[in-house]
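Engineer: Top line first, the protein sequences correspond to chains A and B. Counting in the numbering used here, the first sequence runs from 1 upward without gaps. Counting in the numbering used here, the second sequence runs from 1001 upward without gaps.
There is no bait here: all hints are sound.
List time: in silico DSSO-like cross-link candidates among lysine-lysine, alpha-carbon distance up to 27 Å: (1) B:K1078 / A:K82; (2) B:K1034 / B:K1235; (3) A:K110 / B:K1053; (4) A:K97 / A:K233.
If the Cβ cut is set under 8 Å, some of the chain B residues that face chain A in the computed set are: (5) K1053; (6) E1056; (7) R1107; (8) Q1112; (9) P1113; (10) R1167; (11) H1187; (12) G1188; (13) Y1189; (14) Q1190; (15) E1191; (16) F1203; (17) P1205; (18) L1206; (19) G1208; (20) T1209.
Read the hints as simulated data drawn from the structure, not as lab findings. Just so you know, these numbers come straight off a predicted model, no measurement behind them. Even glycine gets a Cβ: it sits at the ideal position worked out from N, Cα and C.
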Amino acid sequence: MRCARGVCMVGERDRARWLIFLALGLALAGGCRDRPQPSGSEIVMLKVEQLPASPEDPAWQKAPEHVARLLLQDIVEPRQLKVTTAELRVRALQDGKKVAFRLQWKDPTKDELPGPGKFLDGCALQVPAEAGASLPAPQMGEPGRAVEILFWSAGWQAMAEGRADRLQALYPNAWVDHYPYEAPALRGNPSSQREMENLYLPARALGNHRAGPRSSAVEEYLAQGPGTLTPRKNSGSHGMGKHNPEGWSVLLTRSLPRSRYVALAVWDGAEGEAGGRKMRTSWIALRETQPPPR
Amino acid sequence: MARVNNWQINREMAYWYPEKRPRRQFAAVFDINKCIGCQSCTLACKTTWTSGKGQEYMLWNNVESKPYGFYPLAWDLKLLQMLGPQRWEGARYIGQTIFEAAPAGRRVRGWQPQERDYAYPNVGEDDCAGLLDKGLGLHVPHTAWFFYLARICNHCSFPACLAACPRGAIYKRQEDGVVLIDQSRCHGYQECVRACPYKKSFFNPLSGTSEKCIGCYPKLERGLQPQCFLNCIGKIRLAGWVSPPSQADPENPIDFLVHIKKVAKPLFPQFGLEPNVYYIPPIHVPTPFLKQMFGPGVEEAVNTYKRAKEDPDLQALLCLLGSTERLMARWRRQGEWVVGAADDGGEIVRVPLKEPVYVRPAFDQRYEIARVNCP
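Between the sequences and the hints, there should be enough to build the whole structure, so can you do that?
Structural biologist: Dropping the structure here:
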């Protein structure tokens, strides 16, 4: 048990007291074996046979919980100068090939509808692209030292769950007289209609991954410093977010990273957070472990 | 921040990037006195560029009645209030620009419009300043006033949208100075929407990106004026190229109006963006209001415009507005005619300074019919 490491710091003269404490601890651990243990300064990736497919899967109960204190992104403009989301609760499970993280944070408002002056809830995890003793800058890497980022958005989650790609899905009472792609001359010709639709949606026409519609709630990126986020082909990662009155619970699954460090970030749409305006962590160590014997 | 030279405020100022002027700068002159607020320009732009999904609320071109019209709501008042006193010392601005007044953690001082701010695009239309009691409106000059302000992106020399974009997704074209948002790169953080003081960058909720006036650059590339210029039935607009004042060329129509005659003024030069749409100010509006909106040289501009009938060159050039779809890089007056010309001096259009007058008798003897004044 990792908690024993903390106990070892106790001085020699307290050895007797330590033994009593250890015995009590072991008794408690044996009495409730499934209760998660705090993971200290690391995120423990517990080995399992099968990764959970949802943030609500009971399998998460076995994984130790790491509570990450979030920091302000106050290094590059636009900076986050007000503490919003204070902490992030993280659990991780791995099956030898992939790792699943569950990120939970308090956020009573579900911000999933985009609009002028409206921002979306989101979270991201970042790992160094290469394994090595020295780590790239935790703020999205640095030139020549890339990081891999997996980003989840509440807006994308809503799209993945079937939100229609039309104005009325955002503004139910909106009325639009006519769009050019609805012209009678184009009816019955879906490719011509799509071509006309894209004429007015250049972001989609240019293949901007953010421009929707989409079936996945996550996107993979590479970055070599702030402002360099570049989408890359999905390597098999996925994500799923569930909201309850307390906040978000988000599952992020990706391949086991080469490096054993991760950094995390959270955006609260109701606080106007987007891009660099976010709460984040520095690098947190990852450690693989086997489940305790039954 | 770098130091750049902004000639509109007659001083150096702080800007996020070093000064790098394009080879040519797209510019326009709008004669406010001729605008009738018909919104033909608005429709021309709307049907050409913003008829798609997520663009329903967008007006890259809009016309608002001043003093009470805004799109989005109170776009100018909010920033003027945030910026505090804006003092000029002669032609030199000694207050803070929106770059110099940037709050901690931001590159630009701005405000974020909300959905409701876009909900009243025609608010204040034709509302005039003051009350019209007891038939006051019947007297000339009017004691109450309003005017139409047609607005597009100013394709600024120091764009706030470009400075604020954390992804570097906004760029200024070297060939014409047009400011564009790279739609393949934009992530829709809305920093540009917040930063643009003129609020000419818009967030598209369905594409998740921000979009803005593109100066009809596909037309500019073909030597044509943008759609809102072509469709202006009041013929208030002239598109072209503006030079820095030290390189002002009297044969360039925009330079002539902006630098030589100084009859066209930038909109809110104190914001510090060096906007490139220049307005011939309305002659019937109180000077303090105009000074705040167009800077300290506005009184001189109004007086010059009022005396245009004594200035054959100015009078001639004003006749070129709305005379052709083609871009006129040069111009010349030839007696009672004004000629709009291309870069090489080749004639594009020829306009008489005075339209010929035809007098027809009220009764047509040939057909034995009384004529009426309709076509």
